[in-house]
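K.L.:
Sequence:
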Amino acid sequence: MTLPSAPPHGIVRAHATGPAPQALARLLADLDQGLAGRTPTALLYFASSRYDPGDLAPALSGHFPATTVVGCSTAGEFTDLRNGTGGISAVALPGDVVSGAAAVLGTIGADAGEGTAAAIQTLEERVRVQLRHLDPAHHFGFLLVDGVHAAEEQVNDMLGNAAPLLDFVGGSAGDDFALQATWVAVGAEVSYEGVALMLCRSAVPFRIVKTCSFTPAGSALRVTSATPVLRTVHQFDGRPAARAYADAVGVPVESLDVDVFMEHPVGLMLDGRPWIRTPQAVTPDGGLRFWAQILPGMEVDVMRSGNLLADTRTALRRTRADLGGSSGAVLFNCGFRRLEMDAKNLSAAFPSALDGIPTAGFHTYGESWLGHVNQTLTGVVFGRPTAP
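In our numbering, the protein residues as written are 88 to 475.
Simulated from the structure, these hints should not be mistaken for lab results. Among these hints, one or two may not hold up.
As the list claims (entries may be wrong) - Label pairs and their computed distance ranges (CB to CB):
1. D409 / S342: 36 to 44 Å
2. R309 / R360: 33 to 41 Å
3. G141 / G443: 44 to 52 Å
4. G337 / A430: 15 to 23 Å
Backbone N, C-alpha and C define an ideal beta-carbon position, used for all residues, glycine too.
Given the sequences, and given the hints that come with them, work out the whole structure.
P.N.:
Here it is as structure tokens:
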């Protein structure tokens, strides 16, 4: 006698490459096969900037008309089976993982705080409850935000004010390191200066994961002059910031470049964990411009890099053990971590560091959780659905 097979459960992820028509057909076919007739509550997709979002957003939202769909452009895409660039990754979250979802597309425009506040208000009107009143044990949010307008701090500040106990986790959209234009989408609507907020009600236990492969190198620097809105530090310890940083790293100022910055970012240490800010460039006045804000008075540690793959695997394994097993994850990995893996020939091995957890995500222009950080992996790991 043949016993009936168990019904499918848990998340479904897919990845595809090639011209948009073929990539979309393959992506949708793989998602449909994995869903096996189920309608996902939410779907997130992450696509190379080589694709026109006008081809992607209507097709994906139209294929899943009863699903809350959000997406963005990337600096690379991955699943637990493949890591690369120039393609599309997607993850479908069925009702046994996420039982409810709503999303809005806001415009950050000239005032990111005002634009985010308006998006939050629209989201609250849609779900008919203020975010601050939601139970953080059963609700969380995804955040996809434009990656080239330096608005992430304002967006995260507004979310923190509106929902101080609710986790919003995500990443900044990329454009394959062209640094010209990124897009985010909700449903069929696309914005090149937008923020996508997706609120989810989880049907399973979940955990927010954050990991970066750095430890303090033994030198601390205090910010004595800075212009946070420009993400620029003018002075560390009363000295020109570039010279003070170069001395702490042990190289001449003239040798400061992207390789030094990636190997030795600085970290704001909170409860023994670093929150990374990566230098971007030396300014004409001898300051340092960063990829994330550093405030006057902050003390930051110069960091040294560790084993990115091993540290990622350890963090995810610990999170899965805490949940008693995992049905999947949605992860946001810094584009600089991707470049580090490329330089060290580790890119092909990155999926193995996800430790067998069904996963989809993208390489970002910065990661969001309780603020905006660099050279970090953030995301949501879901527990196992209850067997039907």
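K.L.:
Confirm or reject each hint.
P.N.:
Quick rundown of the hints versus the structure:
Checking the proposed 36 to 44 Å range against D409 and S342 shows it holds: the Cβ atoms sit about 42 Å from each other. The hint said 33 to 41 Å for the Cβ distance between R309 and R360, and at roughly 19 Å that hint is violated. Checked against the given bound of 44 to 52 Å, the beta carbons of G141 and G443, roughly 36 Å apart, lie outside it. Checked against the hint of 15 to 23 Å, the pair G337 and A430 passes, with Cβ atoms roughly 20 Å apart.
Consistency with the previously given hints fails for numbers 2 and 3, ordered from lowest to highest.
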